[in-house]
Amino acid sequence: MVLTNTEPASSSPAKVGAQPLLSIRQVAKSFGRTPVLRDISLLVGEGEFLTVLGESGSGKTTLLRIIAGFETADSGEIWMEGQRLDALPPYRRRVNTVFQHYALFPHLTVEENVGYGLKVAKLPKEQSMSRVEQALAMVKMTAYAEFKPGKISGGQQQRVALARALVNRPRLLLLDEPLSALDANLRRQMQVELKSLQREVGISFVFVTHDQEEAMVMSDRIALLRRGELEQVASPREIYSHPATAYVAQFIGHTNLLRAEVSGGMARCKSLSWPVTLPDGAALFSLRPENLRVAAGKTDSDRIGLRGKVIRQAFHGATELLQIECSDGLLLSMRTASGQNFQGNVLLEFSPEDAIPVRKSQETEKGL
Amino acid sequence: MFSRAYRAAITLPPLLWVVVFLLIPYALLFCFSFWAVSPAQSIVHSWTLDNYRELLRVNVYLQTLFRSMWIAARVMIFSLLLGYPLAYYLSFHAGSRKDLFYQLVVIPLWVSYLVRAYAWKSILGSDGVLNTLLQYVHLTQHPLDFLLYSPFAVVLTLTHIYTPFAFLPIYASLEHIPRPLVEASHDLGAPPFQTFWRVIFPLSIPGVAAGATFAFVLSLGDFLAPLLLGGPSGIMISNIVVSLFGAAYNWPLGAAISFCMMVLVVALLFMSERLEKKWSFR
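Heads up: the sequence lines are chains V and F, in that order.
Taking the numbering used here, I'd label the letters of the first sequence as residues 44 to 411.
Taking the numbering used here, I'd label the letters of the second sequence as residues 181 to 462.
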């Protein structure tokens, strides 16, 4: 079963309204006998920053290439503004792409690269010149107008690629892991710049990445792709706090997956048990490490208490991740603020509502 | 990093080769071009510019040189006109048949030059395949005699022989164009034809320059095709050099002509190199 756009309307304010900009309908694609995308349906709202997140080989780049027109879907349709987009060749789509390795034309200057689309569109010279100037100013590359791409740094090439795409005022901008070639510091800086630029120009972005942190920081919504299928489409907060499947829960942030048996309104996992409103049977729960707390003395009646031993402690800067082994052998991670020293046996607690029931993912590693 | 003996061992053989088989012969050639032939048909080692004066004075030398350049230029143009589309098709549109086509282009290079030149002789001759066919279908009454023993035959044969030499560097440079550049061009609204002129062709200029140089320089120095198929009107400069070194026994004049050609070719190679550098990136 494929889950798409299941979140309540309230969690993505006015992004996908009555009139979505782009509508991907049941798109499927195989390379030879290998299916890469299966039955993908996805809406992109006007002015939305949508991130397609997935591991390498999940099909995210293929999906982007189908939207851009570099690949053809085996089945399904793509619509943009009441028009079949997938029937048009790439040079007729009002969609522009920022390529993973920028793909700047090496024989043209920065200025000529940015002006390429306008020149091809035969825009009057003065008009195109002022737009190129504006675009270069927007990405702070005016000083490098006369440089060839080979003479500027990766981060600068990145900006030029962005200006070259945006100068054409596309309805939709596709970005294929555009930050992956930059080092960590520059990447974080560009994430912020890219997001504020997107707000400024108000163009819909479809951003492809394998970096869940990047996806969380930048997106209005995240579409998590796994083995060619959409696992969940939701806002970063929603996808983090209410992961739909075990895979989502593990891929986005750390989590404890609890395999439990439900019977008579109580879930049981080893010696733990807590109240749930689920029918009887096997169930899987995600409990985030930060939702486990050290209990101060006695556990509140609405919380679930457990005893365990700290077996490992990993420092993460602002927080630390503790490995707790319970007496019945259950291993849990717990996140605490840094600086607290826990050793030996501890008494922990969590709220039953923080144990989020998740669907089992198909053939997940770690046997879930 | 490496021992002195090791460095000597790897640099000496090529150095010796260049000195013995290149520098010394060229130096000798250069010297010969300033020597003279005595009436008794022996070479006199007295320094003179007579050979170069002779070269400029006797019309047939310069005329033949210009004809050779004109033939070489035509071969170059036809080789590019044939080689480029072929290379473009192979690189961008042949898909899985790429390797097969590539082999088909390269295989003729394994066939002896002489065999290919003779093949054209039997095609173009007055009793040849082409004339027989033309008369058979009554397009012509008599054999067309301009087909063989003419500059036409030389250009045709040399084009056939040297097109792979133009094709190979063009193909290599097209293969080196990152495909995302082509996609980026389409993405920015350029249809295939504009993408070709604005992106693909400019980036293939180094290959075109190298291919053009191969076709021109190899044709310019050719003497077998004009000998076999050129007839009197298709004589090229190398035929004159051959006869000066052979039957005429005028090595000094032959050396002077050779040396002029060498200067011409080196100048061309230099220009081609400049062009290739200018259009090479990263």
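Hints listed in this document are in silico derivations from the structure and should not be mistaken for laboratory results.
Note that the Cβ used here is the ideal one computed from N, Cα and C, for glycine as well.
Incorrect hints may appear among the rest.
Taking lysine-lysine and the DSSO-like style, the derived pairs with C-alpha atoms no more than 30 Å apart in a straight line are [unchecked claim]: (1) V:Lys191 <-> V:Lys165; (2) V:Lys238 <-> V:Lys194; (3) V:Lys162 <-> F:Lys278; (4) V:Lys183 <-> V:Lys168; (5) F:Lys278 <-> V:Lys168; (6) F:Lys278 <-> V:Lys183; (7) V:Lys194 <-> V:Lys165; (8) V:Lys194 <-> F:Lys458; (9) V:Lys238 <-> V:Lys313; (10) V:Lys165 <-> V:Lys313; (11) V:Lys238 <-> V:Lys352; (12) F:Lys278 <-> V:Lys194; (13) V:Lys194 <-> V:Lys183; (14) V:Lys238 <-> V:Lys183; (15) V:Lys191 <-> F:Lys458; (16) V:Lys168 <-> V:Lys194; (17) V:Lys162 <-> F:Lys458; (18) V:Lys162 <-> V:Lys191; (19) V:Lys162 <-> V:Lys183; (20) V:Lys165 <-> V:Lys183; (21) V:Lys194 <-> V:Lys162; (22) V:Lys191 <-> V:Lys238; (23) F:Lys457 <-> V:Lys191; (24) F:Lys278 <-> V:Lys165; (25) F:Lys457 <-> F:Lys301; (26) V:Lys168 <-> V:Lys191; (27) V:Lys313 <-> V:Lys352.
Here chain F is said to cover these stretches of chain V; the calculated rule only asks that three of the stretch's residues, wherever they fall, bring their Cβ under 8 Å from a Cβ of chain F [as the list claims (entries may be wrong)]: (28) 86-94; (29) 128-141; (30) 232-246; (31) 301-314.
Which numbered hints fail: Violated hints (numbers, rising): 3, 5, 6, 9, 10, 11, 12, 24, 25, 28, 30 and 31; every other hint is consistent with the structure.
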